Amino acid sequence: MSGAEAVGPHHRRRPRALVQRHPCRTAAELTALLSAADRSMFAVALRATRESCDIRVDDKGRYWPT
Numbered sequence: 001m002s003g004a005e006a007v008g009p010h011h012r013r014r015p016r017a018l019v020q021r022h023p024c025r026t027a028a029e030l031t032a033l034l035s036a037a038d039r040s041m042f043a044v045a046l047r048a049t050r051e052s053c054d055i056r057v058d059d060k061g062r063y064w065p066t
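Counting from 1, one number per residue, gives the positions in the sequence shown under the working numbering.
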């Protein structure tokens, strides 16, 4: 099962919205913007959002909305 299958669409909304508000940030920079409670699921949700092509990552590790 891929990350996109394990994470529902409601969990992918937050990373997509965060990347739209703060483009050109790395995963560490995006995670720092979240509360401790939101950080626990964020890495999995971010990967799932990337796999579903809602966001993309450039060669320097920065996230961009698609």
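Take the hints with a grain of salt, since some may be wrong.
Listed below are the simulated SDA-like cross-link pairs for lysine to any residue, each with C-alpha atoms no more than 25 Å apart in a straight line [said to hold, decoys possible]:
| no. | residue 1 | residue 2 |
| --- | --- | --- |
| 1 | K60 | L34 |
| 2 | K60 | R25 |
| 3 | K60 | R16 |
| 4 | K60 | T31 |
| 5 | K60 | A43 |
| 6 | K60 | A28 |
| 7 | K60 | P23 |
| 8 | K60 | A27 |
| 9 | K60 | E29 |
| 10 | K60 | R21 |
Worth flagging that the hints you see were computed from the coordinates, not collected in a lab. For clarity, every value in this text was computed on a predicted model and none was experimentally measured.
Checklist entry - If you draw a straight line from the CA of K60 to the CA of R16, is it 25 Å or shorter? => result The hint holds at about 19 Å.
Checklist entry - Is the Cα-Cα distance between K60 and T31 25 Å or less? => result holds (17 Å)
Checklist entry - Going straight from one Cα to the other, do K60 and L34 come out at no more than 25 Å? => result holds (22 Å)
Checklist entry - Within 25 Å, alpha carbon to alpha carbon, are K60 and P23? => result holds (13 Å)
Checklist entry - Can the restraint linking K60 and R25 be considered satisfied, given a maximum Cα separation of 25 Å? => result holds (10 Å)
Checklist entry - Between K60 and A27, does the CA-CA distance stay at or below 25 Å? => result holds (11 Å)
Item to check | Given hint E29 paired with K60 - CA-CA distance at most 25 Å | outcome: holds (13 Å)
Item to check | Pair hint outcome, K60 versus A28 [Cα-Cα no greater than 25 Å] | outcome: holds (13 Å)
Item to check | Proposed proximity, A43 with K60 (alpha carbon, max 25 Å) | outcome: holds (18 Å)
Item to check | Distance restraint between K60 and R21, which requires alpha-carbon spacing of 25 Å or less | outcome: holds (19 Å)
Checked against the numbered hints above, the structure breaks none of them.
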